[in-house]
Amino acid sequence: MTEQTKNFLDGVRAEIPLLIGVFPFGMIYGALALNAGLSIAAAQLMSSIVFAGSAQFITTQLVRESAPGLIIVLTIAVVNLRHMLYSASLAPYLTSLSTRWKALLSYLLTDEAYAPTVIHYEKEGVTPYSHWFLLGAGLALWCTWQVSTALGIFLGTAIPEEWSLDFALPLTFIAMVVPVLKDRPAIAAALSAGIVALAAYSLPYKLGLILAALVGIASGTLLEGRKSQKGIL
Amino acid sequence: MNIWLVLFLGGLITFGMRFSLIYLFGRFEVPETMRKALHYVPPAVLSAIIFPELFIRDDVLNLSLGNYRMMAGLVAILVAWFSRNTLITILAGMVALFLLQFFL
Numbered sequence: 008m009t010e011q012t013k014n015f016l017d018g019v020r021a022e023i024p025l026l027i028g029v030f031p032f033g034m035i036y037g038a039l040a041l042n043a044g045l046s047i048a049a050a051q052l053m054s055s056i057v058f059a060g061s062a063q064f065i066t067t068q069l070v071r072e073s074a075p076g077l078i079i080v081l082t083i084a085v086v087n088l089r090h091m092l093y094s095a096s097l098a099p100y101l102t103s104l105s106t107r108w109k110a111l112l113s114y115l116l117t118d119e120a121y122a123p124t125v126i127h128y129e130k131e132g133v134t135p136y137s138h139w140f141l142l143g144a145g146l147a148l149w150c151t152w153q154v155s156t157a158l159g160i161f162l163g164t165a166i167p168e169e170w171s172l173d174f175a176l177p178l179t180f181i182a183m184v185v186p187v188l189k190d191r192p193a194i195a196a197a198l199s200a201g202i203v204a205l206a207a208y209s210l211p212y213k214l215g216l217i218l219a220a221l222v223g224i225a226s227g228t229l230l231e232g233r234k235s236q237k238g239i240l
Numbered sequence: 294m295n296i297w298l299v300l301f302l303g304g305l306i307t308f309g310m311r312f313s314l315i316y317l318f319g320r321f322e323v324p325e326t327m328r329k330a331l332h333y334v335p336p337a338v339l340s341a342i343i344f345p346e347l348f349i350r351d352d353v354l355n356l357s358l359g360n361y362r363m364m365a366g367l368v369a370i371l372v373a374w375f376s377r378n379t380l381i382t383i384l385a386g387m388v389a390l391f392l393l394q395f396f397l
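Here the protein sequences come in this chain order: G and P. To convert a position in the first sequence, counted from 1, into this note's numbering, add 7. To convert a position in the second sequence, counted from 1, into this note's numbering, add 293.
Here chain P is said to cover these stretches of chain G; the calculated rule only asks that three of the stretch's residues, wherever they fall, bring their Cβ under 8 Å from a Cβ of chain P:
1) 93 to 105
2) 215 to 228
Covered stretches of chain G, going by a simulated chain P footprint (3 or more residues, C-beta under 8 Å):
3) 51 to 63
4) 72 to 80
Think of the hints as simulated: they come from the structure by calculation, not from any bench. Even glycine gets a Cβ: it sits at the ideal position worked out from N, Cα and C.
Only chain P is shown next, with the shape it has when bound in the complex (with noise of 0.2 Å):
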């Protein structure tokens, strides 16, 4: 298959699924189990995006004291629990994996 069949193809699919829900929603009469479920889409996507990046290094589980991105991140969910701010949480996770990296 050509390269730009390939990627049209594939542009076509994925603007396909952005797409489907937001022009099908309001269409049809949405069940109140699946509304409530809708809200539980943000904390359960971005949990599954942030925990690999945190706990999984070169591949494999790691969950020791010199996996310093756990350790920055475990420090960001504190400053993020106390300071409720994306740039103060952001800044103090940068700053703490800096220091790991340099310092230890």
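Next comes chain G alone, as it looks inside the complex (with noise of 0.2 Å):
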């Protein structure tokens, strides 16, 4: 087997266990979206054009309710902001890369693609072909999100609700992120901002969220200041 298949199966392995809550949301979005009024092909094609769940569901909210364009396009923006903080903190893992192989992972970065990748990154370093786990990942995603959204749409929502399926995404978050809580930085940046997560819940847009992240990050690294200034004295 050669590197680049290796890397990229291993993405696709990491990624199954949030593929499982995944698929539910896709079927969810997409019977919703046609209820909605979408066309089949404007609510097929919004998972591979716009490719973010959080923005389609509220997009299709929007569309029922008969929204300007207008007010559609930048509640998608402010929605996808906190993209930006994923692509912050994957640039440092990907600076050798072409323009074109850039493009290309940035069109797969996700909440679910980010996740696994990240921590695989940390953990593991850059290596020659380390950017084929994270089309490994966001490959597997994409796919996932295409056919479960058309499940979707053909079907309804056939998988019920009490076999909590969509549990399997904050379980794998979960295991993701405890075995990153090794120092006090690290824990003092979760708790807080999933304190301000919980304070911050009824902002709209997801804003919450982003509020919630740059709490944490900040704490994390004042902590780290404080630490590291008290070994130089």
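Dock chain to chain to rebuild the complex, using the hints, since each chain is given by itself in its own frame.
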């Protein structure tokens, strides 16, 4: 097996648990989009043109309410702001790539592709073919999202809600974040972000998530700064 | 505005934000503080996603023992801490949630 294939398959494998949670979401999206009055083509292609779960749900809602197009575009922009954080976070690992690779991987950069990839890169560092990991994770998610959207459009939400398959998503994130909590700054970042996320939950457009992430990042950085200053003295 | 134009612009902006820093990084000197800060993006973002999933039910904060997702999530956190294994963590959380839902 070549190094490319190996990294690619590792990415696919790391993505699998997230796919269990993503699949029902894709079906719900497909069913809701059709129900909101979008054409089959628009409902399906939104999953590849925008390719961002929460933005697609909110767009569907706004189409249902006949909101003006400009408002929908602006809302998508705000809801997806957090992707700039992901972009910044993965950037140091992708600097050596061609612009074409950077563009392809950026297109695939969702919450669910970002999480396993950044955890993998922090552990394993950069190797000549490590970008294939993100490609594997991203493509696995992309295919699942397209297929589950289609199934939702044509079959409706066939998976019973009581199965709670969506719970696999936060559980996978838990499995990823806990091993990262190795020192006090990291724990402080996680706890402060979590608490702010609860306090700011009612803010619209996922702004609570961005605010929480920024507070968490600031807490971790400040605490680390204080620690290293003490080291010098 | 035509729905296709909306989707096209929405997709373009989304791609632009995902591409922005991946593209710019390396073309400019990145301050040391920012490099340090980036290290805390994963724990901060992941927790900001996880906490509401566990502690908010039906749009309100629910810290009662009857919040099964919180209980199952806490089980998963403990299992993750000791096992450091993704699959075991997810299974433990799912099984905990099923047991709570069906037997309580």
